[in-house]
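Peer 1: The primary structure of each chain is shown beneath.
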Amino acid sequence: MLQTEQLTINIGPQHPSAHGGLHVEAVLDGEVVVDAIPHVGYVHRSVEKIAESRTYAQFVPYTARLDYLGTHLPVIGYVQAVEKLAGIEVPERAEYIRVIMGELSRIASHQLFIGSLAIDLGATTGLLYCMRDRERIMDMFEMTSGQRLLAAYMRIGGIAEDLPPEFLPAVRSFVRDIPKMIKEYQGLLYGNEIFQARLKGIGKLSAQDAIAYGVTGPNLRACGVSYDIRKAEPYGIYDRFDFEIPVGSNGDAWDRLMVRNEEIIQSGRIIEQALDQLPEGEIRAKVPRVFKPEKGKSVYHRIEGAKGELGYYIVSDGGEKPYRLHVRAPSFVNLMALPLVSRGGLVQDIIVNIATLDPVLGEADR
Amino acid sequence: MSSQQAVIEDISNTWGNQIEVLEDEFFAGVKVPLQILPELFRKIRDEHGFNYLANLTAVDHQDRFELVYHIYSIPDNRKLMVKADVDHDAPSAPSAVSIWPTADWQEREVFDLMGIRFEGHPNLKRILLPDEFEGHPLRKDFQMKG
Amino acid sequence: MQKIETLFVDLSDWFIAWLQSLGVPLAWADAILLLIQFLCIVGIILANITILIWLERKVSGFIQQRPGPNRLGPHGVFQTVADALKLLTKEDIIPSKTDRLIFITAPILFMTISVMLYIVLPMGKDMQVVDLNVGLFFFISLGSLTTIALLMGGWGSNNKWSLLGAMRSVAQMISYEIPLALSLMGVVMITGSLRLSDIVAAQDNVWFILLQPIAFITYFIAATAELNRGPFDMPEAEQELTAGAYTEYSGMRYALFFLAEYTNLVAVSALLSTLFLGGWQGPWLPSWLWIIIKTYLVMFLFMWVKWTFPRIRMDHLMAFSWKVLIPVTLVNIVATGFGLYIFKGIGG
Amino acid sequence: MYGTGLLKGMAITLKYFFSKKITIQYPEEMPKLPERFRGRLYIEFEKCIACGICTKTCPNDVLSLEDARDENTKKKKLISYTIDHQYCMFCNLCVENCPSNCLHFSHDFEMSRYNRADIKEVYHRPPEMDQVPAQVSAPDSGEAPEPSSDLTEDALKKQKKMEALMTALDKNPVKVLSRYVDSEDDAQILAEIIQADRSKAEKLVELMADDQEKARKVAVAFVNKEKKQRQRQTEGGE
Numbered sequence: 001m002l003q004t005e006q007l008t009i010n011i012g013p014q015h016p017s018a019h020g021g022l023h024v025e026a027v028l029d030g031e032v033v034v035d036a037i038p039h040v041g042y043v044h045r046s047v048e049k050i051a052e053s054r055t056y057a058q059f060v061p062y063t064a065r066l067d068y069l070g071t072h073l074p075v076i077g078y079v080q081a082v083e084k085l086a087g088i089e090v091p092e093r094a095e096y097i098r099v100i101m102g103e104l105s106r107i108a109s110h111q112l113f114i115g116s117l118a119i120d121l122g123a124t125t126g127l128l129y130c131m132r133d134r135e136r137i138m139d140m141f142e143m144t145s146g147q148r149l150l151a152a153y154m155r156i157g158g159i160a161e162d163l164p165p166e167f168l169p170a171v172r173s174f175v176r177d178i179p180k181m182i183k184e185y186q187g188l189l190y191g192n193e194i195f196q197a198r199l200k201g202i203g204k205l206s207a208q209d210a211i212a213y214g215v216t217g218p219n220l221r222a223c224g225v226s227y228d229i230r231k232a233e234p235y236g237i238y239d240r241f242d243f244e245i246p247v248g249s250n251g252d253a254w255d256r257l258m259v260r261n262e263e264i265i266q267s268g269r270i271i272e273q274a275l276d277q278l279p280e281g282e283i284r285a286k287v288p289r290v291f292k293p294e295k296g297k298s299v300y301h302r303i304e305g306a307k308g309e310l311g312y313y314i315v316s317d318g319g320e321k322p323y324r325l326h327v328r329a330p331s332f333v334n335l336m337a338l339p340l341v342s343r344g345g346l347v348q349d350i351i352v353n354i355a356t357l358d359p360v361l362g363e364a365d366r
Numbered sequence: 001m002s003s004q005q006a007v008i009e010d011i012s013n014t015w016g017n018q019i020e021v022l023e024d025e026f027f028a029g030v031k032v033p034l035q036i037l038p039e040l041f042r043k044i045r046d047e048h049g050f051n052y053l054a055n056l057t058a059v060d061h062q063d064r065f066e067l068v069y070h071i072y073s074i075p076d077n078r079k080l081m082v083k084a085d086v087d088h089d090a091p092s093a094p095s096a097v098s099i100w101p102t103a104d105w106q107e108r109e110v111f112d113l114m115g116i117r118f119e120g121h122p123n124l125k126r127i128l129l130p131d132e133f134e135g136h137p138l139r140k141d142f143q144m145k146g
Numbered sequence: 001m002q003k004i005e006t007l008f009v010d011l012s013d014w015f016i017a018w019l020q021s022l023g024v025p026l027a028w029a030d031a032i033l034l035l036i037q038f039l040c041i042v043g044i045i046l047a048n049i050t051i052l053i054w055l056e057r058k059v060s061g062f063i064q065q066r067p068g069p070n071r072l073g074p075h076g077v078f079q080t081v082a083d084a085l086k087l088l089t090k091e092d093i094i095p096s097k098t099d100r101l102i103f104i105t106a107p108i109l110f111m112t113i114s115v116m117l118y119i120v121l122p123m124g125k126d127m128q129v130v131d132l133n134v135g136l137f138f139f140i141s142l143g144s145l146t147t148i149a150l151l152m153g154g155w156g157s158n159n160k161w162s163l164l165g166a167m168r169s170v171a172q173m174i175s176y177e178i179p180l181a182l183s184l185m186g187v188v189m190i191t192g193s194l195r196l197s198d199i200v201a202a203q204d205n206v207w208f209i210l211l212q213p214i215a216f217i218t219y220f221i222a223a224t225a226e227l228n229r230g231p232f233d234m235p236e237a238e239q240e241l242t243a244g245a246y247t248e249y250s251g252m253r254y255a256l257f258f259l260a261e262y263t264n265l266v267a268v269s270a271l272l273s274t275l276f277l278g279g280w281q282g283p284w285l286p287s288w289l290w291i292i293i294k295t296y297l298v299m300f301l302f303m304w305v306k307w308t309f310p311r312i313r314m315d316h317l318m319a320f321s322w323k324v325l326i327p328v329t330l331v332n333i334v335a336t337g338f339g340l341y342i343f344k345g346i347g348g
Numbered sequence: 001m002y003g004t005g006l007l008k009g010m011a012i013t014l015k016y017f018f019s020k021k022i023t024i025q026y027p028e029e030m031p032k033l034p035e036r037f038r039g040r041l042y043i044e045f046e047k048c049i050a051c052g053i054c055t056k057t058c059p060n061d062v063l064s065l066e067d068a069r070d071e072n073t074k075k076k077k078l079i080s081y082t083i084d085h086q087y088c089m090f091c092n093l094c095v096e097n098c099p100s101n102c103l104h105f106s107h108d109f110e111m112s113r114y115n116r117a118d119i120k121e122v123y124h125r126p127p128e129m130d131q132v133p134a135q136v137s138a139p140d141s142g143e144a145p146e147p148s149s150d151l152t153e154d155a156l157k158k159q160k161k162m163e164a165l166m167t168a169l170d171k172n173p174v175k176v177l178s179r180y181v182d183s184e185d186d187a188q189i190l191a192e193i194i195q196a197d198r199s200k201a202e203k204l205v206e207l208m209a210d211d212q213e214k215a216r217k218v219a220v221a222f223v224n225k226e227k228k229q230r231q232r233q234t235e236g237g238e
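Protein chains in written order, with our numbering: chain A, 1 to 366; chain B, 1 to 146; chain C, 1 to 348; chain D, 1 to 238.
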């Protein structure tokens with residue numbers, strides 16, 4: 001019998017489609033993948049240790065650096081957790097603006113997902129079209145908070161500054177253009193037979209395995225489990241909007257793409273409803289710059305981040321600084337499913353699986 | 001499938017005195033001794049349908065470590081918090097990997113940053129820090145040099 | 001108009017007459033003319049390559065809504081010169097454990113084969129270096145030699161990844177050789193000869209693209225795979241995974257591989273326009289200008305495909321060739337046969 | 001049919017091939033920045049009351065200041081203020097919490113420097129601030145802690161710019177100044193001030209070379225002071 005030996009190659013941390021420093025050690029038998037072991041930790045900044053020496057208000061900009069692609073979502077998660085811990089009431093207008101900003105960040109994150117998936121499969125033009133559409137959201141963030149990506153726009157008790165006058169027309173025109181944008185992605189990418197051939201049936205994940213491995217967010221919904229924290233455990237004012245949760249059928253790379261594509265449309269609907277109901281009023285509750293939550297109180301608050309369930313577990317010892325702050329990062333947990341979906345596939349499918357699980361290593365390594 | 005309250009009753013009848021029910025306005029939870037963790041987890045997973053371990057972390061209270069588990073049941077979304085104390089000098093705890101595979105990396109992270117060994121974990125190695133790193137940064141007594 | 005049309009032909013006649021006047025026997029004069037023509041070809045190739053590299057970057061830029069290089073010179077025209085200078089000045093490393101002889105000759109072999117392809121190509125009305133009566137056969141057989149050069153490059157550099165990459169691209173090129181050759185059989189059957197000038201002559205009333213549309217498409221796809229371009233750029237893609245055959249090369253040697261690839265591209269597009277788009281046939285402009293226009297149109301098609309599609313996976317690529325392209329070309333040949341039989345039958 | 005998806009994709013790319021290009025050619029065309037854009041942090045030295053809240057609010061210890069007890073007025077006054085731009089996260093916490101709001105973000109985003117020492121910007125208390133309190137000081141940015149003998153590249157560039165502005169000012173002051181003040185006659189008054197007092201001219205020119213906004217503020221301040229003086233003279237005169 002032909003004597004073959006296994007080959008171990010490293011899809012190194014600097015690989016173009018490594019999403020920020022993921023090192024996958026792939027054990028190959030010819031073209032077939034025997035095992036794919038992800039190694040993380042290359043971008044570890046021990047944010048949780050930093051949190052212990054910063055006051056609650058000072059830590060806000062650090063949370064934007066966790067999932068730097070879903071711009072406002074991690075910051076909203078942290079700020080709501082602290083408000084729950086310290087029992088702070090957020091004015092209506094701030095809640096609505098947070099929903100708008102959160103959903104815009106989700107759309108921007110999903111657009112980058114589609115773009116980076118396209119370039120991982122070789123269609124550089126696909127990436128540039130997605131980045132061009134995402135640029136409109138970046139401009140909106142820039143005009144409201146002054147920063148395109150790492151915008152520390154949320155504050156404990158509300159938001160930093162009110163919306164500039166030119167923001168509302170920009171959002172309305174963007175939301176109106178979403179169907180046209182999706183039709184173009186359909187034409188260029190999804191309709192393309194080569195694209196479908198590279199994604200359909202790749203990296204299958206069953207519903208039980210997904211739940212057992214803690215995979216959440218669009219990756220879980222692609223396996224047919226209709227579980228979205230905005231519906232399951234509504235936080236903020238998400239119970240006032242009606243939107244569906246897109247669900248896939250067989251949990252492969254194609255469904256993970258289609259679920260995110262559908263989510264962009266749903267987020268557009270949420271933004272439209274939020275814009276219609278946007279009340280006037282102040283944008284920030286009276287919160288002292290330094291405040292001390294109750295001793296021994298702890299809270300685990302979780303939101304539906306762009307990559308999955310993003311949770312903050314904060315323990316207070318009565319001081320002005322959090323005693324312990326743990327971030328439950330969806331990318332960190334989703335990556336555990338990478339070996340599961342890659343075993344038995346081909347070498348090129350590892351790239352597809354990494355791209356469709358959409359990990360952000362800044363968040364995974366904290 | 002039983003409601004949240006029924007789950008806590010069921011747990012407290014089976015273990016009675018060892019259990020201490022925590023009143024927490026956001027999260028229904030129980031404080032349990034370390035040894036009964038595997039049984040408890042298997043019980044709530046099989047009998048009460050808690051199939052999703054969302055978060056597993058540890059808190060260093062200087063005199064003791066405290067393991068915190070946040071467990072949910074998909075899809076009907078009941079939730080339970082389980083806390084367990086681990087003594088500070090030789091911190092070790094039973095691993096939950098055999099019950100929820102998602103615990104694999106989260107336990108490795110707690111071992112890496114906090115230094116709690118998990119018995120029965122398939123490959124307990126550092127996950128975020130380089131292997132030759134000494135010390136566990138998230139411990140209160142870990143002094144940040146410089 | 002007539003003057004411009006036969007500009008080059010008159011030039012070569014005048015040159016031979018002038019040599020004879022110097023007392024050089026006819027055989028020697030022809031040999032010198034041949035040498036001059038060869039140098040012209042090399043000149044054409046270099047000019048084409050500089051334009052092509054610039055064109056590729058401009059086309060990909062325009063497709064992606066950006067202007068492409070526009071800093072060096074008007075519209076970035078000197079960009080390729082800058083690239084060439086960069087590659088020239090780059091350090092040219094030959095790794096120690098490589099098989100020196102094969103490592104050095106691989107790019108040279110690749111380049112010579114690509115240049116030799118131009119000998120049979122009709123550049124204009126009876127403007128061919130050599131009008132072989134088996135021109136097309138010569139072209140296809142030489143085209144398959146480039147595979148050997150790639151294998152030499154990959155295997156010679158004694159690096160696990162480049163060997164793997166070379167194996168992959170060799171497998172790809174071999175499996176696309178067959179549909180490449182088969183899809184041309186239709187054209188040959190219609191003209192009844194392998195001589196390229198006959199094929200061009202046979203197209204003066206109707207271009208073969210109209211008679212052989214399927215052959216045009218299959219040849220185009222097979223040629224993209226042959227050139228490692230477009231959706232089939234397997235080795236250049238997963239640089240980390242299979243590292244491609246060129247990994248160990250650097251500096252001028254890598255540039256040679258790069259240039260050979262573009263020479264191949266020009267040669268294949270010139271052949272495509274000769275066989276399917278009527279070569280140098282064209283109403284007003286001189287013949288040699290027509291072939292240039294058609295070749296650049298075909299090359300635009302190659303670039304347009306490259307910058308639109310994602311990469312095909314390795315097993316799909318092989319399956320596509322064996323299970324789709326080859327049956328289609330065979331059916332096409334049978335259909336042409338029937339067509340000819342009926343056509344001959346009616347024509348009497 | 002199998003190929004329709006491929007053809008539709010090619011149709012889209014062809015459409016964009018002929019469409020308008022949307023990229024900004026950076027050094028020639030400057031990007032259009034919104035009003036709240038956070039570029040480089042700068043301080044208006046004279047408004048600062050050295051309370052130190054900003055140094056405490058900043059998560060990354062970017063800001064630090066030295067202050068001293070003022071002998072006669074017993075109030076704290078600012079000696080020097082350091083902004084270490086390499087650690088700044090642009091989170092706006094300092095700007096929001098500054099009681100006398102003298103910290104702002106300018107629209108200057110070209111913050112790269114050749115050597116690392118230049119990133120740390122140190123503002124010193126200008127001497128004349130002590131004699132005439134109302135006067136405006138010019139922050140000299142790009143101050144390297146150890147005074148290097150020859151001028152750094154930035155200083156050289158600024159030198160050339162200032163000479164150019166100075167010549168322009170001499171040739172046709174009103175046109176140059178009209179860019180800095182609102183109305184035409186303001187520019188006229190400013191031109192007269194410049195003629196009268198050369199030191200003010202150099203200060204204004206230095207500001208123009210360095211930072212447009214501050215130059216505009218300083219110009220307006222000069223004009224208002226001049227108008228007030230003229231008013232007092234006219235009242236005194238009657």
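Among the hints, a few may not be true.
In silico lysine-lysine, DSS-like type, Cα no more than 25 Å apart, as pairs [stated by the list, open to error]:
1) Lys47(D) to Lys58(C)
2) Lys49(A) to Lys83(B)
3) Lys47(D) to Lys214(D)
4) Lys21(D) to Lys58(C)
5) Lys76(D) to Lys183(A)
6) Lys125(B) to Lys297(A)
7) Lys43(B) to Lys321(A)
8) Lys31(B) to Lys295(A)
9) Lys47(D) to Lys180(A)
10) Lys180(A) to Lys56(D)
11) Lys214(D) to Lys49(A)
12) Lys32(D) to Lys21(D)
13) Lys31(B) to Lys84(A)
14) Lys43(B) to Lys295(A)
15) Lys140(B) to Lys20(D)
16) Lys297(A) to Lys43(B)
17) Lys56(D) to Lys58(C)
Non-contacting residues of chain B with respect to chain A, defined by C-beta distances greater than 12 Å in every case (computed) [claimed, not checked]:
18) Asp24
19) Gln35
20) Gly120
21) Glu134
Short, incomplete list of chain C residues facing chain D, as computed with Cβ under 8 Å [said to hold, decoys possible]:
22) Phe38
23) Phe62
24) Pro95
25) Met303
26) Thr308
Honestly, the hints are just simulated from the structure, not real lab data.
Backbone N, C-alpha and C define an ideal beta-carbon position, used for all residues, glycine too.
Peer 1: Each hint: holds or not?
Peer 2: Hints and how they fare:
{"no.": "1", "hint": "Lys47(D) to Lys58(C)", "verdict": "53 Å, violated"}
{"no.": "2", "hint": "Lys49(A) to Lys83(B)", "verdict": "22 Å, holds"}
{"no.": "3", "hint": "Lys47(D) to Lys214(D)", "verdict": "13 Å, holds"}
{"no.": "4", "hint": "Lys21(D) to Lys58(C)", "verdict": "12 Å, holds"}
{"no.": "5", "hint": "Lys76(D) to Lys183(A)", "verdict": "64 Å, violated"}
{"no.": "6", "hint": "Lys125(B) to Lys297(A)", "verdict": "32 Å, violated"}
{"no.": "7", "hint": "Lys43(B) to Lys321(A)", "verdict": "38 Å, violated"}
{"no.": "8", "hint": "Lys31(B) to Lys295(A)", "verdict": "19 Å, holds"}
{"no.": "9", "hint": "Lys47(D) to Lys180(A)", "verdict": "51 Å, violated"}
{"no.": "10", "hint": "Lys180(A) to Lys56(D)", "verdict": "48 Å, violated"}
{"no.": "11", "hint": "Lys214(D) to Lys49(A)", "verdict": "41 Å, violated"}
{"no.": "12", "hint": "Lys32(D) to Lys21(D)", "verdict": "17 Å, holds"}
{"no.": "13", "hint": "Lys31(B) to Lys84(A)", "verdict": "22 Å, holds"}
{"no.": "14", "hint": "Lys43(B) to Lys295(A)", "verdict": "33 Å, violated"}
{"no.": "15", "hint": "Lys140(B) to Lys20(D)", "verdict": "59 Å, violated"}
{"no.": "16", "hint": "Lys297(A) to Lys43(B)", "verdict": "28 Å, violated"}
{"no.": "17", "hint": "Lys56(D) to Lys58(C)", "verdict": "52 Å, violated"}
{"no.": "18", "hint": "Asp24", "verdict": "8 Å, violated"}
{"no.": "19", "hint": "Gln35", "verdict": "24 Å, holds"}
{"no.": "20", "hint": "Gly120", "verdict": "17 Å, holds"}
{"no.": "21", "hint": "Glu134", "verdict": "15 Å, holds"}
{"no.": "22", "hint": "Phe38", "verdict": "37 Å, violated"}
{"no.": "23", "hint": "Phe62", "verdict": "5 Å, holds"}
{"no.": "24", "hint": "Pro95", "verdict": "37 Å, violated"}
{"no.": "25", "hint": "Met303", "verdict": "10 Å, violated"}
{"no.": "26", "hint": "Thr308", "verdict": "5 Å, holds"}
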